[in-house]
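From first to last, the protein sequence lines stand for chains U and G. Add 69 to a position in the first sequence, counting from 1, and you land on the number used in the working numbering. Add 69 to a position in the second sequence, counting from 1, and you land on the number used in the working numbering.
Treat the hints as calculated values from the structure; they're not laboratory data. Keep in mind that the hints are not guaranteed to be accurate.
Identical copies look the same in the list; a pair holds intra-copy or inter-copy alike.
Derived lysine to aspartate or glutamate pairs resembling EDC-like cross-links, with alpha carbons at most 20 Å apart [claimed, not checked]:
#: 1; residue 1: 164; residue 2: 104
#: 2; residue 1: 72; residue 2: 143
#: 3; residue 1: 72; residue 2: 201
#: 4; residue 1: 216; residue 2: 199
#: 5; residue 1: 216; residue 2: 152
#: 6; residue 1: 72; residue 2: 150
#: 7; residue 1: 164; residue 2: 201
#: 8; residue 1: 164; residue 2: 152
#: 9; residue 1: 216; residue 2: 159
#: 10; residue 1: 164; residue 2: 193
#: 11; residue 1: 216; residue 2: 180
Remember, predicted model here, so these are calculated numbers, not experimental data.
Single-letter residue listing:
Protein chains: 2
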Amino acid sequence: MPKIDISRVPVRTGTSYPPALAAIVEGRTAQRLGDAGGLTQYGVNLVRLAPGAASAHRHWHEAEDEFVWMVEGELLLVDDEGETVMRPGDAACFKAGVANGHHLVNRSDADGVFLVVGTRAALERCHYPDVDLAFVNDENGRRFTRKSGEPY
Amino acid sequence: MPKIDISRVPVRTGTSYPPALAAIVEGRTAQRLGDAGGLTQYGVNLVRLAPGAASAHRHWHEAEDEFVWMVEGELLLVDDEGETVMRPGDAACFKAGVANGHHLVNRSDADGVFLVVGTRAALERCHYPDVDLAFVNDENGRRFTRKSGEPY
């Protein structure tokens, strides 16, 4: 059936960030709704941030369009332009290749929930302006490296 | 700024369906949020259905993954399996190439609102099991035809 039973979609915790950079996403959980429904062309994740958690390190994608829809609570969208409050029914677009590092952070005292859509590009590089981190997806696979390209 | 001011995104009415097949979507309006934010790899539309309106004729895409997120009200998802109630926080996935014609219809007495994501494939064909209609996007452009391929 096309309708997803969200209560049965696994709730993922943890991160594939190098351990030294993992603390920022403590309190983040995510459910892969698109995967649960068999979609492959883009991912759709339902992400919950506990108070204090961030969605990610600030980042921007070279190749993948990203879209955010706020579902519950109040989060701050932090990017090069500053901080923008996001509440249910708010949306944000991050066009591929626009070098504006962004993330969502929860400075409220309740959970914040959003839906995020990201294309699945065959070749991708993701930039993290605030930390010594890069993400690459190429013919050698998916991996985090230092900005220099050195492995962690 | 990445955040979209939804109040300033044009509210589109009407349809590009042939006039004889247009009545089903009377009462449908849509805002193209992804376009407003410069996204090109997929469309993200915020769609409002007045009581009695449908999202589209039942259809399925050969090439484009489709995702629906319910925002407001109560709609019925109608597909080959029957009818499924959709309420805020419900999601549905329609994988490209799965021949299960679907649409959302509003049989309630209040508006229903949903977000819909669809890949922008270079080559696409969309099938409409209930009516003499096909949609094609190919090297000759985007167009509706009869099932036979004849133009309207």
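Do the hints match the structure? See the list:
1. 164 / 104: Between copies only: 10 Å across, 22 Å inside.
2. 72 / 143: between (27 Å within a copy, 14 Å between copies)
3. 72 / 201: neither (40 Å within a copy, 27 Å between copies)
4. 216 / 199: For residue 216 and residue 199, the Cα distance is within 20 Å only inside one copy (11 Å; across copies 54 Å).
5. 216 / 152: neither (25 Å within a copy, 51 Å between copies)
6. 72 / 150: between (38 Å within a copy, 11 Å between copies)
7. 164 / 201: neither (23 Å within a copy, 37 Å between copies)
8. 164 / 152: within (18 Å within a copy, 36 Å between copies)
9. 216 / 159: neither (33 Å within a copy, 39 Å between copies)
10. 164 / 193: Classified as within; 13 Å inside a copy, 23 Å across copies.
11. 216 / 180: neither (32 Å within a copy, 49 Å between copies)
Figure legend: structure checked against the earlier numbered hints; hints not met, in rising order: 3, 5, 7, 9, 11.
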